[in-house]
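Q: Here is what each chain is made of, one letter per residue.
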Amino acid sequence: MAATPIDVPYRPFAIEPVTRIMLPDGIFDNALFHLRIAAHFTNTSGADLTNVTIYLESVGDPGIVPVARTHTFPTVLAGATVMVAWDADFEHATPGKRLVSFVARADGFDPRRIIQQIFVSQTRYDPVADQYTCEVEEGTLVVSSFRAIGPAQEWGPEGKCRTPDGPFVPTGFTSEWHPHPAYAGTHADLPFSDPWWKVLAVIIAIIAAIVAVVAAATGGGTASVGVAGTFEETDPSVTCCVPDPGGSSVSATVAGVASGIATGALIVAASDDADPWWRGQEATAPAPGVLTTGEKVEATWKLPVAPNAGVAYTADVEWTYTRTTTAGTATHSVSETQTNIHVAGPVTVEVPPTLGVFDDLWVRASVEQPDGTRFTGPDLYAFAALRAPGGLYFVIDLTDDGLGFDPKPDDGVYAGVLRLEEAYKILLRAGQDPRGRWDVFFFAQDVDQTRPGTKPEIAAQEIGGMFVASALTLTFDPTLPCPLQAHATVQVV
Amino acid sequence: MQGADVSAQVEIRDGTPHWYLSPDIWVVPGSDPDGPPGSPVAGQPAFVWARIENHGDQDALGVRVDVWWADPTFQVTRTHAHHIGTAFGDALVGGGPQDVLCLVPWLPVVVNDGHECLVATATYPGGSLPTPPPDAFDPPTYLEVAQKNLTVLTMARAMFRVLTLAGLPRTDAVFALTVEVGETLDERTLAGLGLARVRPAKEPTVRAGLRLETGCPAPDDPEAPQKLEVRVPAGRQRAVQLALTGTPPADGEYQVVRVEQRHEDAVLGGIAFVVVGTSPRRTDTSQRTDKEDA
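Chains as they are written, first to last, in our numbering: chain S, 1 to 493; chain X, 1001 to 1294.
Just so you know, the hints here were simulated from the structure itself, not pulled from any lab data. Just so it is clear, CB atoms sit at the ideal spot from N, CA and C, and this is done for glycine as well. Some hints here could point you the wrong way.
[As the list claims (entries may be wrong)] What follows is a list of derived Cβ distance ranges for each label pair:
id : chain 1 : residue 1 : chain 2 : residue 2 : range
1  : S       : S45       : X       : P1125     : 33 to 39 Å
2  : X       : P1132     : S       : Q485      : 52 to 58 Å
3  : X       : T1079     : S       : P456      : 40 to 46 Å
Based on the provided sequences and hints, a complete structural model is requested.
A: Printed below as a string of structure tokens:
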């Protein structure tokens, strides 16, 4: 028999399970012990596949311990892409590129093994030196000063007290790249031979921002995270949300999304085409035989408006790159305006207007691209946060796979469902009533679609994990109304 | 949990007739885990595969397969083995065998020159392995445990391999070691070693014997005995030398040299080498060159 015609077209990506957000460019970091290994699986044949099973077979690092699970699909439609994920413990993961294998099987076919790579970094915070390090095989990025706009007083439970949950909008950093080993020539090896160095700075920023969220949601301590740290805060403050009076707390997902959107400012400021490291290296090419031992980037930027998902906001940036070599130092400075290229058009969300307490609360959402076409299939990692009348949040994945409540695969409609019968039990335990108004908040992050084998400096220009749709709006203007706007509401009777 | 009447029964096959020569464990040398099987090369990465099959009447999903390596020794224990990594596989009823790939690269240590023992275990709810498992892997007792003590040895002239003989945990013991030369292997086992189109030697040219003394055998050394009794104090180990003399097999031919350890008529383990000349036909692209000890 032929092998099951299923493929994993793009690099599997990291999902932080408490906030449910994808980490920058899908990179796994062992500062967050518990992560999900998520991947898109595409039926590459022209026919539907039946009784499909998919399991994660092995990971090429004994320090990464996945939980065995076999996902089953009665049908995977022709050409459709399904998304599945496995929980894994990354506490003892070693930084680097690691192989991961999956086995897919369908009726009438032999099992097919698919081997892909994942990227793993290691972020730590040194409270004595007050600096972060992010280590990968190619070198270590040290960030000694992270400047950020912190949350306003209104952000937090009951709208009264300040929480450490963020969001923190980065406005600058001082960093040093220590290559392993010192190198000759113009350019250093890119981290994982893929993303720009700036992505490591973004990983540090997002981890610094969400560790408090994760620790709070999992009981604190160091059980779930390996770092703790802070930003240097500057004015103004970010006004994110005044929770509903009935809300019990700010959802970890909403807090995580806020941090994800906020740290996107660093991605934008440092440019996707070529980041300050690459451009600085080009401008300061050393003489033959000279070794580069370190590279420093100091960057600051101003944001005329708050960063938001899918919006072409700008950042006025000034940065200086300094190359330290065995022959001395060289610098290159730039002042420019950068614009977010992770933009999207209108978002459409459809839900049933009224439901009974044991019905299925389904959500269908689509996001337009700037050219008017929709993001489809594996373009996005999409999810929805559903807030029950009593304030409890439920998070569901939305997929464009033609299954369940999704009418057709790859048409740009991402669908998911919350079975209220199951949610009912959870609500009852929390002393909440499912009847009343449910708010639906939709979120979507783009996926790095670089094909394996792409030239590193080309691969680096595609960065995934940026929010292109969000129910959450950040603003620097405290006079504006609550910016957490539900995309849709459902009445449960 | 297993039902009262149905259960999974996952097997990693033992070798036949010698259980320590499992055909269901093999190695892919190099950096491509999907590459052809072959012999491990000291200091170079390799990937270990195992094959599981369910003979029961209930599917076993997420069967955990652990693979281990050990110094060349007859009886492998968890204490002395080194864990390589873990993989998972679904063993379905009627689904036939399922290959399971451990993606953790295995780096055969240089001192053993790639000649190391491999063990694979399958763990699943309802399996026969106790928790915690015993120190000895004991493949004949457990269906889901198998051992492969079979590697390719390229011979140019007289040479030796040092084998480890481990004693019993709490009592001194005398072990009987025997050498057999000239057995044949099936095509699948040969393919798993990266050997293609090789045939058993027409004329036995390799001689093998056991010695306790160290040093390289010379071609004109008196032939070492093929049977040896060795006393090993409790909890200790002794080195035994397998001396190979004579002339290498002709091009395209092989000879199997197998050493077995017995204690009071019970087979405790064994090690085998597929001895080939310096120009064997191989399917793998990672050619290895055994260092000549003589």
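Q: In this structure, is the beta-carbon distance linking S:S45 and X:P1125 contained in 33 to 39 Å?
A: Hint holds: Cβ distance 34 Å, inside 33 to 39 Å.
Q: Is 52 to 58 Å a correct range for the gap between the Cβ atoms of X:P1132 and S:Q485?
A: Holds - the Cβ-Cβ distance for X:P1132 and S:Q485, about 55 Å, lies within 52 to 58 Å.
Q: Would you say the C-beta atoms of X:T1079 and S:P456 sit inside 40 to 46 Å of each other?
A: Holds - the Cβ-Cβ distance for X:T1079 and S:P456, about 45 Å, lies within 40 to 46 Å.
Violation of the numbered hints given earlier is absent; every hint is satisfied by the structure.
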